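Chemist: One letter stands for each residue in the lines below.
2 protein chains.
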Amino acid sequence: MKLYESPSPNARRVQVFMAEKGVDCERVAVDIRGGENISEEFLAKNPGGRVPLLELDDGTCIAETMAICRYLECLHPEPNLYGETPLEVATVEMWQRRVEMLFMAEVAGAFRNITGFFKDRETCVEEWGKVCAEKAPKALQMFDAQLADNEYLAGDRFSVADITLAVALDFARMVKVVDLPDLANINRWYEVVNARPSLSAT
Amino acid sequence: MKLYESPSPNARRVQVFMAEKGVDCERVAVDIRGGENISEEFLAKNPGGRVPLLELDDGTCIAETMAICRYLECLHPEPNLYGETPLEVATVEMWQRRVEMLFMAEVAGAFRNITGFFKDRETCVEEWGKVCAEKAPKALQMFDAQLADNEYLAGDRFSVADITLAVALDFARMVKVVDLPDLANINRWYEVVNARPSLSAT
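These protein sequences, in sequence, are chains C and L. Position one of the first sequence corresponds to residue 8 (our numbering), numbered consecutively onward. Position one of the second sequence corresponds to residue 8 (our numbering), numbered consecutively onward.
Incorrect hints may appear among the rest.
The list cannot tell twin chains apart, which means a pair is met if one copy fits it or any two copies do.
Unchecked claim - Keeping only pairs whose Cα atoms sit at most 27 Å apart, straight-line, the calculated DSSO-like set for lysine-lysine is: (1) 52 to 142; (2) 28 to 183; (3) 52 to 28; (4) 52 to 145.
It should be emphasised that the hints constitute simulated quantities derived from the structure, not laboratory data. None of these values were measured; they are calculated from a predicted model.
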C-alpha cells in the first residue's frame, strides 16, 4: 500500500487518520505546485488529478480523502472514527460534511481565487474568492455553538469530523485569506484535539 | 420520522434512496423559494438552513443528504447502496464524491451564480457561475470512461453514486445552464437507472 501525498490539507487529513489508527505505509511525495498531479502518469491512477491517493499492492487506486479513510476504517475498525450506532454514524457524517462544505471548501475557494495559487491551470475569480472568505467564518459560529454542549463536534467521541475541522482550521490560519473569529468553545476544543499525537506530529 | 423536503436535487436524492429501501415516512414541504428554510423555526432544527432534513420521533434532527442516507442504510441494510467489502465501500464513496464535487456542485454553482436564484440571500458572481458551467461537463467525460467498463458507476452494483449522478443530470437538464455532452456510455447507463421505479416515480 502506497499513499501519494503532498503538503495539502486533504493529504494531512489522511495522515492524521492513519496515525489515529496506528497504521502506516509507503509514502510518495507528489509535487502539486509543479503539476505532477496533473501529469499523464498520475491521471492514469486518478483521473480526478487529486492528492491524496492510496494505491493498493495490486495497483488498485482509491482517490478522495473520505474514500481512503473509509477504506482504512473498514480494515481497522478500532479506534472507531465514523460512529457506531445508526444515529452516531449519521451525526458524524452530518458534522463532517458541514465542516467540509460550509468551512473547508469556502477557505479553499477563498485561497485559490484570491491568491491565484493554481492560476496556471484554473480560472480564478477574485470577487468569488472574497465571497467565500466572507462565508467561511459564519460556519465557525455554528461549530462553536455545537461545541458549547459537546466535547467533540459529533458528541462525546473524537471522530473524523474533528480531524477535518482541526486540519481545515490550521490551513485557514496558514493561508491567511479568511478572518477567523476568536471563539471560546472552538478554542477549548482545539487545545484538546491539537494535543493528540496524530495532529501534533503531522 | 418526518422528512422535510422541497423540489431540490438533494431532497430528491433522499426520496430515491428511500424508495430503493422501500421505506417511507411523513413528508413536510418546505418553501425554500420563500425562505422557509432560513426561518428561525427551521434554523432551530438545522442551523445549516438546508433541505432535506430528517426529524426523528424524539425530535432529533439529521441534516445533510448523505447523513440521512447513511442513517437509513444502517437501519435498512438491504438492498445495499454503500458497498460491502472494504474496497467496495471505498469505491462507492470515491465515485459518489466525484459526482458531488466535480459535477453536482459545479452545476449548482453555475445555476445559483448565473440565474441569481437565491440573490435575495447570497452574493452571486456571474463570472464564477460561468467558470462552474465550463467545469461541469468535463467531469462527465470521466464518468463516461468509467461506465465504458462498468455497468454502474462504482462497478457491477447499483449504488448511491448512481443516485447522485442521475439526480444531478436531471437537475442539470432542467436548469439549462450547462452544455451537456452526448456521451454513449452515460446514455446507456441513464436509460437503465432511470427505468428504476425509485427514479421514474420521483
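Chemist: State whether the alpha carbon distance between residue 52 and residue 145 is at most 27 Å within one copy, between copies, both, or neither.
Modeler: Answer is between: at 17 Å across copies they meet the 27 Å cutoff, but 37 Å inside does not.
Chemist: Indicate which option fits the pair residue 28, residue 183 if close means a Cα-Cα distance not exceeding 27 Å: within, between, both or neither.
Modeler: Neither: 31 Å inside a copy, 45 Å across copies.
Chemist: Is it within a copy, between copies, both, or neither that the alpha carbon of residue 52 lies no farther than 27 Å from that of residue 28?
Modeler: Intra 25 Å, inter 34 Å, cutoff 27 Å: intra-copy only.
Chemist: First find the shortest C-alpha distance between residue 52 and residue 142 inside one copy, then the shortest across copies, and answer within, between, both or neither for a cut-off of 27 Å.
Modeler: For residue 52 and residue 142, the Cα distance is within 27 Å only across copies (21 Å; inside one copy 34 Å).
In summary, the one numbered hint that this structure violates is 2.
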